[in-house]
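J.: Listed in order, the protein sequences are those of chains V and Z. The first sequence begins at 1 in the numbering used here and counts up by one. The second sequence begins at 1001 in the numbering used here and counts up by one.
Derived from the structure by calculation, the hints contain no laboratory data. A portion of the hints provided could be inaccurate.
Pairs of lysine-lysine, DSS-like flavour, derived with a Cα cap of 30 Å [as the list claims (entries may be wrong)]:
{"no.": "1", "chain 1": "Z", "residue 1": "K1215", "chain 2": "V", "residue 2": "K145"}
{"no.": "2", "chain 1": "V", "residue 1": "K145", "chain 2": "Z", "residue 2": "K1439"}
{"no.": "3", "chain 1": "Z", "residue 1": "K1457", "chain 2": "Z", "residue 2": "K1439"}
{"no.": "4", "chain 1": "Z", "residue 1": "K1441", "chain 2": "V", "residue 2": "K145"}
{"no.": "5", "chain 1": "Z", "residue 1": "K1457", "chain 2": "V", "residue 2": "K61"}
{"no.": "6", "chain 1": "Z", "residue 1": "K1441", "chain 2": "V", "residue 2": "K61"}
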Amino acid sequence: MSRKTRDNLRAYLFVSPWLISLLVFTAYPMLASFYFSMTRYTIVRPPVWIGLENFRVMFTKDDLFWVAVWNTLYYTVVSVPLQMLVALFLATLLNLSTRGIGFYRTAFYLPALVPAVVTTLLWMLILDPRAGLANAALEAVGLPKLGWMYSVAWSKPSLIIIALWTGVGQPMLIFLAGLKNVPQSLLEAAIIDGTNAWQRYWRVIIPLLTPTIFFNLLITLIASFQVFTTAFVATASASGASPAGPLNSMLVYMVHLYRQGFSYFAMGYASAMAVVLFLVLVVLTLILVRSSREWVHYEGASPR
Amino acid sequence: METDVKRNLISRRHFLRLTGMAAGVAALAACAPSAPSAQTGPPASADGQVTISWWNGFSTPTVQEIAPQIVGEFERMHPNIKIDYEISGGPPGGGNLTEVMLSRIAAGNPPDTITLWDAPSQYGALGALTAIDEFMAQATYATPDAFYENVLNTCKWQGRTYGLPASAAAAAMFFNTDLFAEKGIAMTRETFPTTWDELRALSDEFTVLENGEVKQAGFMPPWSATWLYPVWSVLNGGLIFDAANTLYTVNSPENIAWIEYWANWLDEAYGGNFERINIAGNWGSAYPDQNSAFYNQLSSMFVDGGWIMTDIDFPFEWEVAKLPYGPMGTKTASGYWPNWFAMPKGGLHPTESFLFIEYFCTKGWETWYRAIPDTPAWKGASRDVVTQALIDKVGEERALELHRFFLDYLEDSAPMWDSPVNAFAMDTLQTAIESVLGKVKSARAAMDEAQALIQAKLEETLRAG
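Next up, chain V with everything else stripped away, as it sits in the complex (with noise of 0.2 Å):
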């Protein structure tokens, strides 16, 4: 055996328990999921092949699934563009060099380093209805009091507060270190040319941060579409409340997808409804990597 093959072979060897694994626990329960996704499948018996009929009767048959969509649609809509401007905004201030900054990093950031389950519960004790601190807030400055996860109306903005106070902190960090990348030449020549410090964010700096908001914007929106464990403790730790939320309203896809699979034990539509969410957030990936040509700016890139 040469020199060059024993290397190879060394290579692979190396990498192999991370293809091996990639291969068993990623790609192999994928390929599954498409083929569980064609059959009637109860776990403990062997799948039986129907075709095509899950998803028929997911999109005809089904009211849930089409509320799942919308409650999902709606979260994604709204919590979306919200963590994309909390997180940036808070990355902004973050980046000013000011006495204890290295404090405010760390506190901004612990939320998205506690479990979701505790924020979750914790949430929860802040917004009930009767005794949470939220009701009392505004009950002290003559607001009425909210039904927050008990109410239709409340329960998906409930969702979303709780979705922010978590889910803004890692792209926060990785605003901060995209501003941080920001060539202080530029800035410095900006300023040569009379801008004010508006004219330095908006013509400078946003443009130069691109590529950031893109990766956050991608990464976000694929994980709100895949919301599961706020909205499935919420609903099943709030006492007296509905499985999925008052009338439904907090029953997002992934919860829908999970009650399916391991409370009514149809795996294979299950399966369907993965696969439906995987084409989906395949879709939306390309579009938003094709509209990326349009708006993000890489530095030292050829003008199109």
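With the hints as your guide, set chain Z onto chain V.
T.: Okay, now just chain Z, sitting in the frame of chain V:
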């Protein structure tokens, strides 16, 4: 030279192909449903010793004290059988008990015995549990007629029995006698209302609304207690699931009338704004850590299982009574939430496993009952064995009297937990009921929709079986 090197090299594509094939074969082998077990199992060891596994779903400190006692009693009775279990509850290695159990059954290495929180009928229909009728026919304690009939029916699907009920903690009406005394209402179990109309009239005595907000309630219809829906249906002369004919009857006139009764009650007594009523108090729990309206004396009456007698230290005197029946009903009925024991399909020691679940659900449960007031489902349990914690709270005489009340009430138990799609049905029914109480749909429209959905799900499950 170059050619030689190339010949000896494994191409990247070739390597990936080989790795992929190997991983795929391994994964398929691991995940493929196993062939049905012959159920004979490996022979016992040379000394005749058999070890069977028990996935214990319990984790409270009291249970952790009691479970080893029962296991010890069993092992002394059967020196050749050893029980392997984790005292902390749940499956070995953690995870959701049901999910891990189903995965292990599919993979062909299930535990021998398991504690279930959902009815064996559901898992039996799924093909996940071993039918035990042949064992029961020859059993010492767990014979087919040894349990309360409807409670044992929770383990049956299409004539086969897939587990045993250990407990059958009956539900009853708890009422706050201090609040009754404050109102000057002399109330005993015997004089407690027997019809919904009487209950509502009594409830109105306590109800206080201020600016449309509920400040005090008598009895709040328990829309969030999904497990009791079948009982309310029976109380109004209806039935939610007809197991004998494999038919849901969600939209029967009795059931529609029941939901309309609740909706009218909320409208006329509590202002009718479902969301505001929900905000005013947690009417669905008796536990203080859940800010319970009943515990906090915002409501005077509450329906729950007998376990709350020792679970909760109520800051007031209380009494229990049977549930009143509705305008279309003729008699009371009780609900129950059992703990079940079963043998997952593919277990290696069915004979020994049955002996264990039989003991736990009969004689063993007497030991259990001394610590926790989960009323035994086994009719052979002594009428004189009382939970010590209840004696400590209310004295021996009253504890005995309460124990017998709950035991006797099981004779009036409603059919429940007997559908293979029970979880789906109760979730769907809850959404339907809330849509009526929230004035989104009429009772007829909501119950018609729920009926169609649940029956379709049932038929799909039957086809899969």
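J.: None of the hints should be skipped; say for each whether it holds.
T.: Going through the hints against the structure:
Of the pairs offered as hints, the one joining Z/K1215 and V/K145 holds, with about 15 Å between alpha carbons and a cut-off of 30 Å not exceeded. Restraint check: the Cα-Cα separation between V/K145 and Z/K1439 comes to about 21 Å, which is no more than 30 Å; the hinted pair holds. Straight-line distance between C-alpha atoms of Z/K1457 and Z/K1439 comes to about 26 Å, which keeps the hinted pair within the 30 Å bound. Our distance criterion of 30 Å between C-alpha atoms is met by Z/K1441 and V/K145, whose separation comes to about 26 Å.
Taking the CA atoms of Z/K1457 and V/K61, the gap is about 11 Å. The hint holds against a cut of 30 Å. Straight-line distance between C-alpha atoms of Z/K1441 and V/K61 comes to about 19 Å, which keeps the hinted pair within the 30 Å bound.
Violated hints are absent here; each numbered hint is respected by the structure.
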